[in-house]
Amino acid sequence: MLVRAHVLVCGGTGCLSSKSEQIVTRFNEVLNELGLNKEIQVIMTGCFGFCEKGPIVIVYPDEVFYSKVELSDVDAICTEHLLKGRVYQPKVYHDITEEDRSKVTGFSQIGFYNRQLRIALRNCGVIDPFSIDEYIGRNGYEALGKAVTEMSPIEVINELTKSGLRGRGGGGFPTGTKWKFAYNNQASQKYIICNADEGDPGAFMDRAILEGDPHSIIEAMAIGGFAIGASQGYIYVRAEYPIAVERMQHAINQAYEYGLLGKRIFNTDFRFDLEIRLGAGAFVCGEETALIASIEGERGMPRNKPPFPAEKGLWGKPTVINNVETFANIPIILLNGATWFQQIGTEKSKGTKVFALGGKINNTGLVEIPMGTTLREVIFDIGGGIPNQKKFKAVQTGGPSGGCLTSEHLDTQIDYDNLISLGSMMGSGGMIIMDENNCMVDVARFFLEFTVDESCGKCTPCREGTKRMLELLEKITSGMGTLEDIEKLEKLAHMIKDASLCGLGQTAPNPVLSTLENFKQEYIAHVVDKKCPAGVCKELLHYRITDQCIGCGKCKRNCPVDCISGDKREIHIINQLACIKCGTCQTACPVHAIVVD
Amino acid sequence: MSQMVNITINNKSISVPSEYTILQAANANQIFIPRLCFLKDLNETASCRLCVVEIQGIKTLKNSCTVKVSEGMVIKTNTPRIRNTVKQTLELLAANHRFECWICPREHNCEFLALLRKYGIPNQMAEAKEFAKKLPITNDRSDAIIFDGSKCILCGRCVAACEKLAGTGVLDFNERGFVTFVGTAQNYSIEDSGCIYCGKCIQACPTGAIREKEELDYVEELLHNDEFYTVVQTAPSVRCALGEEFGLPIGTNVEGKMYQALHLLGFDDITDTNFAADLTIMEEGSEFLSRFEKWMNHQTSHLPMFSSCSPGWIRYIERYYPEYIANLSSCKSPQQMQGAIIKHYYAKKIGVPKEKIKVVSIMPCIAKKYEAKRPEMEYDGVRDVDYVLTTRELARLIKRADLPFTELEDYRPSSPLASYTGAAVIFGATGGVMEAALRTVAEKLEGKPLPKIDFTDIRGVESGIKEATVRIAGIDVNIAIIHGTVNVPEMMNRIRSGEKQYHFIEVMACTGGCVNGGGQPIIPAHIAESIDVRLERAKALYQIDQDSSMRQSHINPEVAKLYEEFLGTPNSNTSHHILHTHYQQKPIFFIK
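Residue numbers (the numbering used here), protein chains in the order written: chain U, 1 to 597; chain A, 1001 to 1592.
Derived by calculation from the structure, the hints in this document are not laboratory data. Among these hints, one or two may not hold up.
[Said to hold, decoys possible] Which bits of chain U does chain A cover? Going by a derived footprint, with three or more residues having C-beta under 8 Å, they are: (1) 225-231; (2) 257-266; (3) 302-309; (4) 492-500; (5) 584-591.
[Said to hold, decoys possible] SDA-like, lysine to any residue: derived pairs with alpha carbons at most 20 Å apart: (6) U/K19 to U/L83; (7) U/K491 to A/N1078; (8) A/K1444 to A/G1460; (9) U/K491 to A/N1084; (10) A/K1561 to A/H1577; (11) U/K531 to U/L541; (12) A/K1059 to U/Q232; (13) U/K475 to A/W1295; (14) A/K1059 to U/I420; (15) U/K491 to A/Y1119; (16) A/K1348 to A/T1574; (17) U/K91 to U/S67; (18) A/K1059 to U/H494; (19) U/K488 to A/K1087; (20) A/K1134 to A/K1118; (21) A/K1164 to U/G316; (22) U/K530 to U/E436; (23) U/K305 to A/E1019; (24) U/K305 to A/I1058; (25) U/K581 to U/N437; (26) A/K1076 to A/F1032; (27) U/K488 to A/R1083; (28) U/K305 to A/E1054; (29) A/K1087 to A/G1072; (30) A/K1164 to U/E298.
The structure displayed is predicted, hence computed values, not measured ones. Don't be surprised by glycine CBs; every beta carbon is placed ideally from N, CA and C.
Using the sequences provided together with the hints, build the complete structure.
Printed below as a string of C-alpha cells:
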C-alpha cells in the first residue's frame, strides 16, 4: 500500500509512559474522521533516543520533528499538518541555539542527530518493532541468509574479527576472538546468550534496541549460533523491562513462523532455537558467570575465571555471551563487510558506541556516535551543553563502575583504551554530566551506595570493603572525616580493585579513585575546612543571617526546630548546633538576608 | 601420566605437574599461602580472596586456590602488595566478627584466629563507631546445633559441605551484599528445615560460627552433685580421636587414658557403648534373620533391611524417604540401648534406683544429642540417656579439670557393661556394623564357626556406596554399605530399579562413618588435605579389633549374661519394650 505520509510515534518506555500509546490511538481516530486513514499511516516505532523531548512524533516525508506532543495536540497536527499541509508550529522542535523560532529544521538536521551515526540503533525509531516485514524491508535477515547459505562458520568469525568489533557491554573484548574460542572448543552442545541484563543506573540503550529493533538481536544470535555451532540461544533480560520482553517474545514467535528460527533455517541443516530468560534485576547478573548461574536456576553469584564461559559456560558447555548492542552491530557488519566497519572509529576501537546522556545536560537521551568523537562534541554539540549557564565540572562514564573525568579531558577521543587510561571506562555507555553544583565526594558516595546495594556478598573485598568505603565517604560528607580517612579510603579502594573476584568489585572503587585523583581538593575541603565547596553536603552547610536582616521574624516562625532567636527589628541569629539545614528560613526571608556558607 | 610444567615462584624455578593449582604448587614447595574458604574438591569458590598472588602479565591479583599453573608462569606470593591485600582483607573480616574467643569452642584451632595472629591484624575498625556491624543472625532452634552469624565469615564451606556431603542442601546464603548470612531458607527453624544433624558444616567451618549445642555445663554440675549416680558411656569412635585434642597424632588410640580421665572427672561408673554395639548385633542380627526367613518363604519381609545406628541417617530417611521407614531395623541405636540397659537392668544390679541414675554419653556425633531427646527414647518414666557430650566437649571438660591427659595412666573400668568384642569397636568405621553383623549372622545361618571373620572388602572409603554378595549357607546375600547421605538417592534408585534384591544395607550419615562424625575433633582444612582423617581413625579401630581375644558379638559373655538374667532371647518381649523403637515420617518446612 502506497501512502503519502507516515506518522512515526515513539513507543519507547519513556514516551509510552507519557501516553504515546494513546497518542497513536488518537491519531488513528482523527485520521479516520478526516478520511485520511488510507493515505496516511501511523506507526508506533522504537525509541528515537531524544527522550528529554518525548513524546516524539515525526511526520515523513517532510521530516518534521514534533516534540513533547500531548494528547490534545494530536487533533491540531492532523488538521493543520496532515490535512492542510501547514506545519503545526507550537510543537515543532527547535535547537536551543536556534533563534528563528519559525524555522522548521528537518529531523536529521537537528543538532542532536546530525552528528550521530546510527548503526546499532539503525532501525530504532524507524520501523514498527512488531512487524517482521518492516525489519525484512530494511534488509533484515539478509545477513543470516548470507551467513548460512554462502559462508562457512569460520568465515563468519573471520569477518567479525576483521571488523574489529569489541564487546559493547563494558569489557571491550574482541567479539571475533570470543567466538573463535567457543568455535574451537569441541562439544556436543554449545550455547549463545544475549546479555540484556542492563543494570547501570541511567543506561538504557539495550532496552531501546530490544524495544525498537528486536529482530536484529534474533538475527545476530542466529548468526552467532551458526558460527560457533550452538543450536540454542537464551536472551537474559530483566523482568523490569516488560515492554522489551513482550516485543522480543513477539519477534521470536514471528521469526519461528517465518522459519527464521527453528529447524532448517534457509533450507539448510542449521537449526537454532531461542528462548527468553527473565532475571530478577540484580546488577551482578550482568556479570557473565553470575548470569549463567542465574539461568541455571542458581543464586546469581559470579564464579572465578578461568575457565571462561567460552570453555565452560552454561551447564558446563562452551557458551558465548554478548551484549545487546554488540549483537545489534553484527548483521550489518556481515552485510556491509568488515572493511566498511573498520573505517569507522579509531585504531583500536571500531564502529560506533551508544551513550545514554544524563545528568546536567540539555539534551538527555540516547546518542550513537563513531568511536573517536570527543567528549566535548558529545556533551556540547550533541548534548546541547549544560543547562542554566552553569559551568561544566565533570563527566562520569561507565556507570557505577566508571570514573569521573574533568574539563581537562574534554578533548579526549572516546574509545575503550583512552577512557581506561584516564581511570574510567566505556562500560555499557552511561554518561552522566555534572556541573559546578555537584559535589564530587557526594557523587562518589552515591555510586558507592549503589555498588554496596548490588554486591552479591560472595567475596570479602567487595562485600565488606565497599561498605567500609561508603561509611568512610559518609563520614567525610557529614563533616566528621579526617585526612587519615582519605588515606584509608584510597588504600581500601586500591585493595578492592586488586583483589575482588568479579568485575563488579574490581571496578566499584573507580568513582572513588577517579574523584580522588581529579578532585582531591574537594575531599580536603570536606575534612580540613569542613566545607562542601559545591554546597551539597548538608551537614557541612552553615546558614547565617546577615545584617540585611530586618527583624521581621518570618524565619523564626517558619523554623521547624525553633533554632532561630532574635527580637523584633533586631538581627536574628541561628543556633548552629540545633539547625537541621532544611533551608526553610532562607525561603521564608523576604529580604534575602540568609546565606549559606 | 601427568605432564610437568616449569614455573617460577618467588624467584625460585620449580617443576610441578600441569594439573596443579598455584596453591598446590606452593604448598608442595613449602611456600605458605593464607586461605580460608578453600576446601579441596568441596568448596572451590575463590571467595575469601586471601590466597591471592601476583602473576606476571596479569593486572589484578589472582586467587591461587583454583587457578592452574601453566608453562613459564612467574608467580610472586609475598610482595608488599600481597601482604597489604591480605592484611586489609583480614581486617575487614575481623571488623565484622564477634570476638569472644575465650568461650569459643574453636579457640585452639580456629583457622581465622590463626591468620589474625600470624599477620598481626589490628581491630580498630570494629571499635570505630562509624563502621556498622552486620546483624548477628542466629539459628538455635534445635537440640543439636547452633548457627551463630556473628562469628560467620561467609566463606561458604558449610554450604558446600551440606550440599556435597550430606546431600541435603539445607544451608545457603540468604540476602546479599553486606547483609548476607548463611542459614536455612529465610532462617527457618533448623530443626524443621530438613537438617539431619550430621555436622559436616561444623567440621567445615573455619571459625566457631557453627557448633554443637553444648551440654558441658550441665554435666560439670552433675559431676558435683551427690544426689545422682552418674554413669558414662563412650562410643567406639571417641577413643581413636580424643587424643587429637591434646596434640596426639590423628588416629591415636587413647582408650585407657580416656577411661582414666572419665574416672578422674568423677563419674561414678564407666561403661562402654561397645557393649551395646554387641547387644545391637544380637538384636539386629536376629531381626534380620527373621525378615530373611520370611523373604525365603515369600512373605512380606521389608527387605532390604536398613541399619538404624546412625541418628543422622534416621533423620534423613524420616524426612526424605519415609516410604522406606518400614525397612529400617526397629533396633534403637547402641547409645540408647546402653542407656536403657543401664537404667532398667544395671540399676537393679548395683542397687541404685533408676531415677537416681544419670547417663552421660560421649559421642562422636551431634545427632546423638537430638536422638537422646526423641520422645520415643524413654521407658517406664525414665529417659534412656540424660546428657550427650561430643568428643570435643569431653576434651574441654578434661581441660577444664586440668588433667594432664597425655600423661595419664591407662585405666580399665570394672563394670560388666564396659566389656566388648572386636566386632563392636569397628561400628565406628563405615562397613563396621555390616561386618560385625555378618560375623554373627553368617555363623548362625551356617550353624558352624566361620573359617574367616574378616570381611575386608567392605571396609574403606573409596566409594560412597559399597556392594558385596556374601554366600551364606548356600544362599547369596546381597549387602550394601552407604556412608554419607549424599549417596542415598543413588542407592534408592538402585533398589527401585529392582535389578537386584538387596538384603541388608548399612547406612551411616557421615562419610567414613562415626570416626568422621560431626562431634569429632576438627582438623584444619590444610591438614585434612594431606591426611585422610577417616582412614587414620578407622585404622585404630581395626587394630583394636585385631588385638581383641573376642571378635564376634555373640561370644561376649556379659551380653550372654544379660540375656540369661534379664532379656531372655533376642527380640523377646522385654527387649522389644526397651531396646526397640519405631520411626515415622517427619515434615520439612511445614507451616504452623
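Original post:
Checked against the structure, which of the hints given earlier come out wrong?
Top reply: Going through the list in order, the structure violates hints 1, 2, 5, 6, 8, 12, 13, 20 and 29 and respects the others.
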